[in-house]
Amino acid sequence: MPAPQCSSCHAARAALRRPRSGQALCGACFCTAFEAEVLHTVQAGRLLPPGAVVAVGASGGKDSTVLAHVLRELAPRLGVSLRLVAVDEGIGGYRDAALAAVRRQAALWDLPLTVVAYADLFGGWTMDAVARSTAGSGRSRACCTFCGVLRRRALEEGARLVGATHIVTGHNADDMAETVLMNFLRGDAGRLARGGGLGSRGEGGALPRCRPLQLASQKEVVLYAHFRRLDYFSEECVYAPEAFRGHARHLLKLLEAARPSAALDLVHSAERLALAPAARPPPPGACSRCGALASRALCQACALLDGLQRGRPRLAIGKGRDEEGPPPPRRDPRSAPGPAAAAAAAAGECGAACEGRCAQASV
Amino acid sequence: MCQVGEDYGDPVPEGPPPPRPGRELRCVKCKDGLPVVVIRAGDAFCRDCFRAFYVHKFRAVLGKNRLIFPGEKVLLAWSGGPSSSSMVWQVLEGLSRDSAKRLRFVPGVVYVDEGAACGQSWENRAKTLAEVKLILRSFGFPWHIVALEEVFTLPPSVLRCSAQEPVGTEGTYKVAVDSFLQQQHTVGSSPSPTQQEEQLSQPCTQDPQDPAGPPPAAHIEALSRLFDSVKTLTAKEELLQTLRGHLLLHVARTHGYSKVMTGDSCTRLAIKLMTSLALGRGAFLAWDTGFSDERHGDVVVVRPMREHTLKEVAFYNRLFAVPSIFTPAIDTKAPEKASIHRLMEGFLLRLQAQFPSTVSTVYRTSEKLVKAPRDGCAAGPRCLLCMCSLDVDTADSATAFGAQTQDFSQTQPPTPLAEAGAAPMPCCSAEVGRAQKCCQSTLLCRSHLWILCHLTSWLRPSSAAKGPRRISRSIWLRTVTRRCTPLGAEPGATPKQEGKDGQAACDCINKNIFN
Chain A
1 MPAPQCSSCH AARAALRRPR SGQALCGACF CTAFEAEVLH TVQAGRLLPP GAVVAVGASG
61 GKDSTVLAHV LRELAPRLGV SLRLVAVDEG IGGYRDAALA AVRRQAALWD LPLTVVAYAD
121 LFGGWTMDAV ARSTAGSGRS RACCTFCGVL RRRALEEGAR LVGATHIVTG HNADDMAETV
181 LMNFLRGDAG RLARGGGLGS RGEGGALPRC RPLQLASQKE VVLYAHFRRL DYFSEECVYA
241 PEAFRGHARH LLKLLEAARP SAALDLVHSA ERLALAPAAR PPPPGACSRC GALASRALCQ
301 ACALLDGLQR GRPRLAIGKG RDEEGPPPPR RDPRSAPGPA AAAAAAAGEC GAACEGRCAQ
361 ASV
Chain B
1 MCQVGEDYGD PVPEGPPPPR PGRELRCVKC KDGLPVVVIR AGDAFCRDCF RAFYVHKFRA
61 VLGKNRLIFP GEKVLLAWSG GPSSSSMVWQ VLEGLSRDSA KRLRFVPGVV YVDEGAACGQ
121 SWENRAKTLA EVKLILRSFG FPWHIVALEE VFTLPPSVLR CSAQEPVGTE GTYKVAVDSF
181 LQQQHTVGSS PSPTQQEEQL SQPCTQDPQD PAGPPPAAHI EALSRLFDSV KTLTAKEELL
241 QTLRGHLLLH VARTHGYSKV MTGDSCTRLA IKLMTSLALG RGAFLAWDTG FSDERHGDVV
301 VVRPMREHTL KEVAFYNRLF AVPSIFTPAI DTKAPEKASI HRLMEGFLLR LQAQFPSTVS
361 TVYRTSEKLV KAPRDGCAAG PRCLLCMCSL DVDTADSATA FGAQTQDFSQ TQPPTPLAEA
421 GAAPMPCCSA EVGRAQKCCQ STLLCRSHLW ILCHLTSWLR PSSAAKGPRR ISRSIWLRTV
481 TRRCTPLGAE PGATPKQEGK DGQAACDCIN KNIFN
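Going line by line, the protein sequences match chains A and B. The C-terminal position of the first sequence is numbered 363 in our numbering, with every residue numbered one higher than the one before it. The C-terminal position of the second sequence is numbered 515 in our numbering, with every residue numbered one higher than the one before it.
A hint or two may mislead.
[To be verified] Covered by chain A, according to a simulated footprint, are these stretches of chain B (three or more residues, beta-carbon under 8 Å):
1) 275-283
2) 320-332
3) 347-360
4) 364-372
Keep in mind that the hints were calculated from the coordinates and are not lab data. Heads up, the beta-carbon is just placed ideally off N, CA and C, and yes, glycines get one too.
Modelling step: build the complete structure from the supplied sequences, incorporating the hints.
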């Protein structure tokens with residue numbers, strides 16, 4: 001059966017059917033529509049005011065590559081200037097190749113690129129060193145916990161370094177949908193109450209962050225990269241573990257097969273969730289050490305680093321995380337481990353310091 | 001492993017290992033009885049303690065919420081399945097207890113015959129109905145059997161939210177209890193059980209609602225056409241749920257019941273919660289899964305089985321021989337990937353096997369949800385089908401709803417819906433995109449637009465068959481657009497406004513669906 005005609009230009013054969021509307025479009029029309037939609041999201045959501053200096057969190061992966069490309073196309077109309085900020089986590093055999101992709105993109109698009117390294121920011125701690133330090137604790141997924149929290153901090157530092165006023169990350173609708181599912185399965189009412197928006201306005205001195213691709217599904221992001229022949233890096237991190245997110249991701253794929261708009265339906269649900277006032281977290285304060293946004297005395301990044309320095313890397317994760325605060329409620333010893341406990345470490349990838357604004361660890 | 005004479009050790013014993021001698025398992029409650037069931041990890045209960053635990057939970061849920069007043073008429077929605085059967089059994093036992101602990105409401109049971117939606121022949125349905133009646137008689141409550149076909153004769157009032165404010169504060173409950181006791185006192189010094197029996201047996205002597213024969217053939221055919229026109233199982237289940245809800249509401253209103261009890265278990269509610277989430281009903285989760293559901297105003301739906309897990313229900317029913325029947329449902333034998341409902345059920349139950357607290361975690365999260373709309377989302381008009389405040393945004397907003405309604409690729413005006421409807425559509429999403437555009441005037445919430453879009457082919461009168469379709473079309477039209485006529489004063493909307501919205505909805509539906 002030949003592909004149907006593109007429903008927009010009525011000239012070319014359609015190359016895809018859009019998950020959100022079922023519309024059959026050809027590659028060129030799809031790319032135009034995709035860019036128009038991102039532009040609309042940014043403008044209608046008032047995410048990036050004219051004159052903003054925008055730091056794009058670039059990892060070399062599909063999402064950040066597409067985001068950087070689209071924003072570069074739209075920059076003249078939005079009146080913003082772009083800076084690429086890449087984070088070097090110090091993961092041998094993985095990050096080097098991804099950073100090479102980012103460098104190629106920066107050279108091709110003529111965008112200024114800044115690379116900030118964990119090793120410089122965090123007193124010599126690279127992810128490889130963290131992994132060696134946590135290796136004895138028997139849970140490899142602790143790596144993602146550290147990496148996610150530290151990367152958030154690193155991106156903030158990098159953005160300040162280049163004089164940016166806004167940070168954008170490449171989270172797409174699928175990431176948000178997974179996060180909603182995961183927060184429900186974990187019973188994380190606080191994050192459910194905070195989540196749903198397109199970003200944060202930057203309270204407490206933090207830079208405003210937003211996710212312009214949040215309303216685009218992963219499939220469309222990949223197809224955009226395909227039609228625009230973008231050069232991106234698609235390998236899984238060597239520390240990528242069997243995390244709880246894997247369950248949610250698998251479920252989402254099945255749901256999308258049953259109803260193509262499932263990801264956007266979940267994002268819509270997240271936008272509209274109404275939680276009891278008691279479930280909403282208190283407004284965040286400032287970290288007593290670094291001044292960053294924190295919901296406890298120390299921000300999560302400082303707490304994790306503190307634990308690493310003292311040779312007790314799991315100090316700020318799971319049970320021991322509330323050392324300064326009240327003791328955590330004792331779990332009923334009879335009750336079996338729930339996803340809450342099992343996933344706490346994996347979920348910590350956007351730990352307390354992130355205030356729910358980073359939906360996913362990968363920038 | 002291939003060496004000759006390698007020692008493989010003893011063969012692994014089949015079945016569960018024998019209990020260790022000297023440390024025989026005892027009931028965790030009485031420390032004495034022989035345990036018969038392990039509910040949570042390591043909690044072994046003996047038969048009596050399990051029964052007490054189970055009954056206490058049921059009564060505690062009712063007692064904690066204080067919504068059901070003494071002497072109130074309560075309709076028990078019984079499907080024949082394990083949870084609702086267990087619920088009816090609990091009420092039955094609760095009414096026959098000693099005076100101090102007796103439940104004091106007046107129950108009736110309703111059974112909805114959904115055979116037509118599941119494609120069953122009338123012979124099969126009649127066979128099932130005979131079994132159903134046998135069990136219903138054994139309960140001894142007044143009972144009602146309604147066929148799903150009766151949705152075609154529903155009055156428009158089912159789509160109307162009664163303006164009556166639900167009562168349910170602490171003070172009014174106490175007043176009600178006091179007046180009930182006083183009333184009982186003045187009626188006579190005879191102990192209440194006899195009075196209770198009188199109350200119960202009196203309606204029983206009347207011939208209960210007993211459909212003499214099958215519903216009209218035109219209605220049966222119309223219903224099967226209606227369900228055939230819905231392409232996906234997900235939308236079918238949603239449609240069935242909506243129609244069932246309307247029927248229950250109608251039965252409750254016509255017979256003067258002010259509460260409807262449904263047998264949703266904790267496990268079922270967790271599944272329903274995640275399903276609703278994935279269907280985009282995030283704004284209504286508290287309505288859909290909370291203990292009480294006051295969206296209809298005068299009839300409140302309560303879910304007293306919400307603390308019981310399916311496992312507890314299954315063991316209780318088995319240990320105490322609770323009668324139940326098996327009727328094929330709309331998703332019976334469907335593959336797991338067929339619908340979002342089935343997917344979510346399979347996913348949660350598998351995860352529950354791996355992490356035994358999954359269901360309770362999801363369920364506890366649902367308790368933190370509130371019914372009021374989220375900050376910044378104004379409470380607007382209500383959805384015609386589910387009575388919830390509409391959760392639609394303006395088409396040009398930077399939200400998921402806006403993303404699905406705006407259409408940047410469309411340089412030309414959209415093709416007429418009739419044309420799009422004729423094309424093969426696996427998911428109808430093209431129509432949804434278009435229907436969402438006029439959503440704000442059609443008065444349907446986002447998730448129910450799907451149903452409307454699925455029904456376009458069914459509603460279009462130009463197709464071949466005239467007779468039954470004509471009937472059903474007019475009735476469905478009546479059902480959906482009934483609210484479009486001005487209804488008089490309703491809370492939150494002036495009559496004038498209501499009429500205007502209604503007219504707009506009518507125009508929109510007519511333009512898009514019946515053109």
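Comparing the hints with the structure gives:
Coverage of the segment 275-283 of chain B by chain A holds in this model, with 8 residues showing a Cβ closer than 8 Å to a Cβ of that chain against a need of three. For the segment 320-332 of chain B, the assignment as covered by chain A is violated, since 0 residues bring a beta-carbon within under 8 Å of that chain's beta-carbons and 3 are needed. For the segment 347-360 of chain B, the proposed coverage by chain A is satisfied: 7 residues have a C-beta within less than 8 Å of a C-beta in that chain, meeting the threshold of three. Restraint check on the segment 364-372 of chain B versus chain A: 7 residues with Cβ-Cβ distances below 8 Å, three needed, restraint holds.
Comparing the model with each earlier hint shows a violation of hint 2 alone; every other hint is respected.
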